[in-house]
Amino acid sequence: MLAPDERATLVDQLRPPAGSKLVHLMGTTFTLDLQSALLPALAFAPQSHATDPLAMLASIRICANTIDIFHQAGHIRVPERTNALMAFLEPAVHAVRSRPGTLFHPKIWLAKYVDDEEVVSFRLLVQSRNLTRDNSWDMVVALDGTMGSARNKTNKPLRALLQYLADDATISPLEPTRRGRMHTLADDVRYAEWTAPEGLSDIEFHVFGVPGHKPSPNFEGTRHLAISPFLGDDGFDTAIPGERVIADVISRAEALEQLRPQTLKWFNASYVLNSDAGIPNPESDSANVLGGLHAKAYIVEYNHWARLFIGSANATAAAFNKNVEILVEMTGAKKKFGIDAMLGSSGLGSIISPYEASGGAEPDEADAVRRELDKVLQAIASTPFAATVQPAGEYFDLLIETALPMPLPGGFTATIELTTRPGSAVAMTADQPVDFVSPGLTLVDVMPFLAVRVTEPGGLTGSTVVVANLIDEPDERLDEILASQLKKPEDVLRFIALMLTISNGGDSAGETFDQIVRGQGSQSGPLPGILEALLLALATAPAVLTDMDGFIRRLHRDDARRDLLPPGFSALWTDIHSAATVLNGRNS
Numbered sequence: 001m002l003a004p005d006e007r008a009t010l011v012d013q014l015r016p017p018a019g020s021k022l023v024h025l026m027g028t029t030f031t032l033d034l035q036s037a038l039l040p041a042l043a044f045a046p047q048s049h050a051t052d053p054l055a056m057l058a059s060i061r062i063c064a065n066t067i068d069i070f071h072q073a074g075h076i077r078v079p080e081r082t083n084a085l086m087a088f089l090e091p092a093v094h095a096v097r098s099r100p101g102t103l104f105h106p107k108i109w110l111a112k113y114v115d116d117e118e119v120v121s122f123r124l125l126v127q128s129r130n131l132t133r134d135n136s137w138d139m140v141v142a143l144d145g146t147m148g149s150a151r152n153k154t155n156k157p158l159r160a161l162l163q164y165l166a167d168d169a170t171i172s173p174l175e176p177t178r179r180g181r182m183h184t185l186a187d188d189v190r191y192a193e194w195t196a197p198e199g200l201s202d203i204e205f206h207v208f209g210v211p212g213h214k215p216s217p218n219f220e221g222t223r224h225l226a227i228s229p230f231l232g233d234d235g236f237d238t239a240i241p242g243e244r245v246i247a248d249v250i251s252r253a254e255a256l257e258q259l260r261p262q263t264l265k266w267f268n269a270s271y272v273l274n275s276d277a278g279i280p281n282p283e284s285d286s287a288n289v290l291g292g293l294h295a296k297a298y299i300v301e302y303n304h305w306a307r308l309f310i311g312s313a314n315a316t317a318a319a320f321n322k323n324v325e326i327l328v329e330m331t332g333a334k335k336k337f338g339i340d341a342m343l344g345s346s347g348l349g350s351i352i353s354p355y356e357a358s359g360g361a362e363p364d365e366a367d368a369v370r371r372e373l374d375k376v377l378q379a380i381a382s383t384p385f386a387a388t389v390q391p392a393g394e395y396f397d398l399l400i401e402t403a404l405p406m407p408l409p410g411g412f413t414a415t416i417e418l419t420t421r422p423g424s425a426v427a428m429t430a431d432q433p434v435d436f437v438s439p440g441l442t443l444v445d446v447m448p449f450l451a452v453r454v455t456e457p458g459g460l461t462g463s464t465v466v467v468a469n470l471i472d473e474p475d476e477r478l479d480e481i482l483a484s485q486l487k488k489p490e491d492v493l494r495f496i497a498l499m500l501t502i503s504n505g506g507d508s509a510g511e512t513f514d515q516i517v518r519g520q521g522s523q524s525g526p527l528p529g530i531l532e533a534l535l536l537a538l539a540t541a542p543a544v545l546t547d548m549d550g551f552i553r554r555l556h557r558d559d560a561r562r563d564l565l566p567p568g569f570s571a572l573w574t575d576i577h578s579a580a581t582v583l584n585g586r587n588s
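Those letters in the sequence shown? Residues 1 to 588, by the numbering used here.
The hints are simulated quantities; they were obtained by calculation from the structure and are not laboratory data.
Check before you lean on any hint, since a few could be wrong.
Claimed, not checked - Think about it this way: if two alpha-carbon atoms lie no more than 25 angstroms apart in a straight line, the pair counts; the simulated DSS-like pairs of lysine-lysine are:
#	residue 1	residue 2
1	LYS214	LYS153
2	LYS322	LYS375
3	LYS153	LYS375
Working from the sequences, and respecting the hints, build out all of it.
Below is the structure:
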């Protein structure tokens with residue numbers, strides 16, 4: 001059953017199968033934390049380098065162009081500090097404009113891999129977890145897939161979601177290459193054949209809220225369990241249909257108390273997380289303590305079988321009738337996957353307690369205020385912003401503009417600033433477009449991440465990050481960010497080794513280079529061994545060598561950094577890059 005001590009990390013779940021490399025990774029989330037958004041790329045670094053900061057740098061540099069992350073507009077959290085590596089996320093992060101009264105709320109990751117024989121495989125994660133650092137109880141279903149020879153109608157909902165994201169959903173249209181890649185993934189996933197977790201079968205996907213696609217999940221059964229942190233009286237019309245004679249619910253006390261007493265009468269039993277559910281063993285790592293309930297799951301029993309629905313949808317009418325959501329359905333034996341198993345000691349029984357709600361409680365006024373704040377933040381974030389770079393001597397100015405006026409209701413105030421320049425906020429005016437300059441930026445500080453803070457009439461403040469469209473970006477900006485992270489000669493060589501390894505899914509050129517850096521290569525000095533590895537890379541990854549040229553040349557031109565390159569490396573690199581350019585031309 002779903003045991004609370006069975007943990008999974010996103011990085012481990014996304015790691016490619018042995019011998020395969022990433023082609024495309026697509027993720028969706030409601031709330032996004034930019035620091036957390038750096039983590040998926042680390043799944044494609046060698047596992048032995050999982051804690052190496054340079055592995056993060058190389059992973060982001062290699063993988064950012066193959067990752068797309070879609071999130072609800074207005075729900076990027078303002079970072080405590082801006083990591084320079086976030087610059088590589090700029091083209092990968094896509095804000096989704098939700099229709100009035102709805103939210104973009106699905107949480108999935110879909111990865112496409114290919115091995116040396118050009119055999120395609122997939123991994124799909126359907127989960128309740130946002131891409132944030134929240135310590136909450138969540139659920140995830142991990143499915144491995146192969147490319148079949150015929151279209152699989154099971155995947156029609158997945159394709160509908162991918163096409164919607166590619167064509168209609170985002171504030172700013174996807175760049176043509178990314179849009180084409182999303183369509184390719186949508187076409188390929190039609191052929192995916194999924195392997196269900198042990199003991200489960202009959203996989204079905206249910207996608208809600210996508211225009212032109214109507215889901216039809218079957219929640220009919222003789223006994224029901226709903227696990228949902230948010231509840232609505234009308235949400236049970238879908239999740240627990242019929243007479244609802246036998247229904248159990250796991251939720252939060254506040255959500256249960258806000259249900260009508262008549263609704264509570266339909267429940268056989270209700271539960272909440274134990275107050276000590278997140279308290280770790282004294283010998284465990286307290287950083288891994290889990291707090292509140294965030295999982296969404298439904299179990300429907302009939303005869304000797306149980307249908308499991310796991311994903312993003314809360315037990316509310318909005319989730320099933322308005323929002324963009326996803327659930328994956330699977331069938332298993334009631335004895336192993338049914339409600340008693342879920343509520344028992346091998347399931348969630350050790351972390352939940354019965355709770356008798358009275359119902360009829362009024363919603364917290366603060367929650368209503370926060371919802372209004374969220375709506376204003378979503379409206380502002382749904383406005384396209386432009387950030388134009390203007391040279392200013394040794395520095396740069398960033399002109400921030402919108403063509404549309406700011407949708408600020410009466411009594412609300414708002415400010416905006418670069419996340420790289422905290423403390424420099426300027427006021428935004430209701431019904432006026434944004435137009436201000438952030439001056440004197442270094443090349444590394446030129447980023448289009450804008451922190452927006454809105455205060456409602458009662459004094460409560462909410463915030464979000466808006467990603468502006470960066471215009472006239474300096475050619476060397478990303479190369480400077482890379483170069484600024486390398487502090488000693490070993491860093492440069494290890495970074496090159498990691499770039500080669502990650503780009504080819506652990507190829508021999510990168511491994512050879514890494515051995516040289518660690519003193520295990522050529523005995524006649526480092527340069528002959530480096531030449532050997534680079535020549536091998538010419539045959540396996542010439543495009544990566546071309547991609548590395550910018551930051552290597554930047555190191556060479558900078559008097560303060562030139563010593564980071566081994567003696568003779570610059571001349572060697574000129575020849576290698578010339579050869580790589582020729583090979584890339586032939587391959588294209």
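Against the structure, the hints:
As the CA atoms of LYS214 and LYS153 are separated by approximately 14 angstroms, the hinted pair is consistent with the 25 angstroms bound. At roughly 16 angstroms between alpha-carbon atoms, LYS322 and LYS375 fall within 25 angstroms of each other, so this suggested pair holds. Of the supplied pair hints, the one linking LYS153 and LYS375 is violated, its CA atoms being roughly 37 angstroms apart against a limit of 25 angstroms.
Of the numbered hints listed earlier, the single one contradicted by the structure is hint 3.
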